[in-house]
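Read top to bottom, the protein sequences are chains A and B.
So that you can map any letter, position 30 of the first sequence is 1292 in our numbering, and since no number is skipped, the others follow by simple counting.
So that you can map any letter, position 45 of the second sequence is 1307 in our numbering, and since no number is skipped, the others follow by simple counting.
None of these hints come from the bench; they were simulated from the model.
Take these hints with a grain of salt, some might be off.
Identical copies carry no separate label here, and so any pair may be met within one copy or between two of them.
To be verified - Cross-link-like lysine-lysine pairs, in silico, DSS-like; alpha carbons within 25 Å at most:
1. K1410 / K1398
2. K1282 / K1398
3. K1410 / K1451
4. K1354 / K1410
5. K1436 / K1410
6. K1354 / K1391
7. K1469 / K1436
8. K1339 / K1469
9. K1322 / K1306
10. K1451 / K1354
11. K1525 / K1339
Protein chains: 2
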Amino acid sequence: MKEIWVIKRDGKIERFSRDKVLRSLLRVGLSESEAWEVLTELEKILPEMTTTRYIHRVIKNILSYQHPHAKHRYTLKQAIMKLGPEGYPFEKYFAKLLETQGYRVRTNIIFEGRCVSHEVDVVAEKNDKRYMVECKYHNSQGIYTGIKVALYVKARLEDLSEYFDNAWLATNTKFSEEAIQYVQCVGMKATAWSYPPGEALEDLVEKTRLYPLTILDDIPRRFRVKLLKAGMVTLRDFVSAQPRRLAEITGLSEHDIEVLQKKGRIVLEK
Amino acid sequence: MKEIWVIKRDGKIERFSRDKVLRSLLRVGLSESEAWEVLTELEKILPEMTTTRYIHRVIKNILSYQHPHAKHRYTLKQAIMKLGPEGYPFEKYFAKLLETQGYRVRTNIIFEGRCVSHEVDVVAEKNDKRYMVECKYHNSQGIYTGIKVALYVKARLEDLSEYFDNAWLATNTKFSEEAIQYVQCVGMKATAWSYPPGEALEDLVEKTRLYPLTILDDIPRRFRVKLLKAGMVTLRDFVSAQPRRLAEITGLSEHDIEVLQKKGRIVLEK
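Sequences and hints are given; from them, build the entire structure.
In C-alpha cells form, the structure reads like this:
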C-alpha cells in the first residue's frame, strides 16, 4: 500500500490516518463494510502528498454518488466542526438554534452560585422554564463527550439551582454511552451528535435549516473567517445579505459574491 | 541571549522554556526575584544542547546552596511527578500515604451508583467514616486542578452517596483558587500541593517520611522502573529490602545496591 502524507490546515504534515477516516464515516451512518469500501476508493484516488481539504472533498465526492444522505451529514458535521477553528464559538451557534425553536437566549452570563461564580454559556428561557446551557465543543472527530462533563454540569446546576430549572448539555460530538445513561437518569436535557434520536444536533439544524456558513466549501477560508467575524454565521444570513455589503466585508467583487450566493441558495433549497 | 535546546525524557527536542522554570521555582516557594536569580544562574551554566535531567540537576544544585528548603521541596515535587511516567500510579502512592495515617484503604473499586457505575480510585475508611477518594495526577507542572474537577467529584459522590460519607479530592498539583473556594464551601476533603496549609501533600510526605523512590536521582531510570514495577515505591521500602533481592530485581550488583541504599538512608535521616 502506498504511503500518503497529509498537510493539515495549520500547515503541519502527518501520516494519513485510516482510523480517522473510518471513524468519521461510521459517525455519519455508514456500516463498517460501506466505510471500508469508501476508504479503499479514497486511497486509490489520493496522491502521495495531499491536504486535509482535498481529502474531505474527495470523500464528499465519493459519498455524493454512493451514499447521498451520508454525504449531507458528513458535510454538516465538518461544517459545525469548522466553526471553532474559524473563530466562531459553538455556544453562539447553539444559541441561534435554540432561538429558532422559540427560546429566549443570552450568552456568556456570570452567575454567583452558592459556592462559587460560574460563567454560563447560554441562558435559555421558554414557557416559564429557565435552562443553564453548557456547550462542549470538540475540535476533533475522535472525541466523545463523556460522563465527567455530564457530572460537572450537574454539580454546577446544583450550585446555581436558585436561578435555573434544569441544565442542558450541548455538544457537537457524540456522547459516550455512560454520559447518555447519566443525563437520562438525572433528567438533564442534552443535545449531541445523533442524540437524542429525532432531536439530535443534526436534526435541529435540518429542521431549522440553520446551516452554518462553513457548509459552503466554495467560499475560500480567509473570506469565510471575515464573514464569521462580522456575525454572518448561517448560510441564510449570507444568501439574504446585500451583495455590496458582503463585498465590503470580504473584499471580493459583487459578481463573485452573487455566484457564491447562488450556490448557497441551492444548498438551502435541497 | 544564547539559545538553549532541551532533549526531553521521551527523546523529543524543544526550546528551553524560561516560563516553565520560573513557574516551578515559584511553586516551591521562591519569591519572583529569587526565581529570576536562579534562572539567570542556570542559563549561564547550561550548554546550548542539554537534557531535562541535566536541567533538574543544575537547578537542585543551585537551590541546595542558595535555598536549601526550596531544594528539598523541588526534589519532592519532581519525584512525585515522576511516579506516573515511570509506571506507578499516583492513586496507589496516595493510598499508601493515607494508610500511614491510619486509614484502611482499597484501590480501584467499581461501585454501582444510582445512575451509572463509577470506578473509585481509593476507598479510605477511618473512625466509621468512609471516603470516596478521587486522585487527579498531572504529568506536567504548568497545570492547576480546577473547579470542573471539584464539581464532577461532587456529582459523583452524590451518585454514590449510599456508599460514602464524603468525597476526597487528591492531586499532585496546586488547586485553582476557585477549586479551593468550592471544596471548602461544600465541605469536601481535599489534598493538593500546598493545600491545605500544614496538611498539604508535601506535609503528608514529610510527616510520614514516605518519600517516593523517585526522589533518589542516583538510581538510573531503567532500574528505578523495575523497582517500581516490583511494588517498591517508597525510599523506605528500598533501603530496608535485602540487597540480594534488589539485585535480582534490577540486575545491578549487590555492591552497587548497598551504595545506593546508603545514599537513600542519608535522605531519610535528613
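Okay, the hints, checked on the actual structure:
For a Cα distance limit of 25 Å, the shortest separation of K1410 from K1398 qualifies both inside one copy, at 12 Å, and across copies, at 13 Å. Taking the shortest Cα distances, K1282 and K1398 sit within 25 Å of each other inside one copy (21 Å), while across copies they are farther apart (29 Å). In this assembly of identical chains, K1410 and K1451 lie within 25 Å of each other by CA distance both inside one copy and across copies; the values are 16 Å within and 19 Å between. For a Cα distance limit of 25 Å, the shortest separation of K1354 from K1410 qualifies both inside one copy, at 23 Å, and across copies, at 21 Å.
For the identical chains of this complex, K1436 and K1410 are neighbours both inside a copy (14 Å) and across copies (20 Å), given an alpha-carbon limit of 25 Å. In the homo-oligomer, the alpha carbons of K1354 and K1391 lie at most 25 Å apart inside one protomer (20 Å), although the nearest pairing across protomers, at 46 Å, exceeds that limit. In the homo-oligomer, the alpha carbons of K1469 and K1436 lie at most 25 Å apart inside one protomer (19 Å), although the nearest pairing across protomers, at 46 Å, exceeds that limit. Taking identical chains as interchangeable, the C-alpha atoms of K1339 and K1469 lie at most 25 Å apart only when both belong to the same chain, with a minimum of 15 Å there against 54 Å between chains.
With identical chains, the CA atoms of K1322 and K1306 are at most 25 Å apart within one copy only, with a shortest distance of 15 Å there and 56 Å across copies. In the homo-oligomer, the alpha carbons of K1451 and K1354 lie at most 25 Å apart inside one protomer (18 Å), although the nearest pairing across protomers, at 37 Å, exceeds that limit. Within a single copy, K1525 and K1339 get their C-alpha atoms as close as 19 Å, which meets the 25 Å cut-off; across copies the closest is 59 Å, which misses it.
In this structure, every one of the numbered hints holds.
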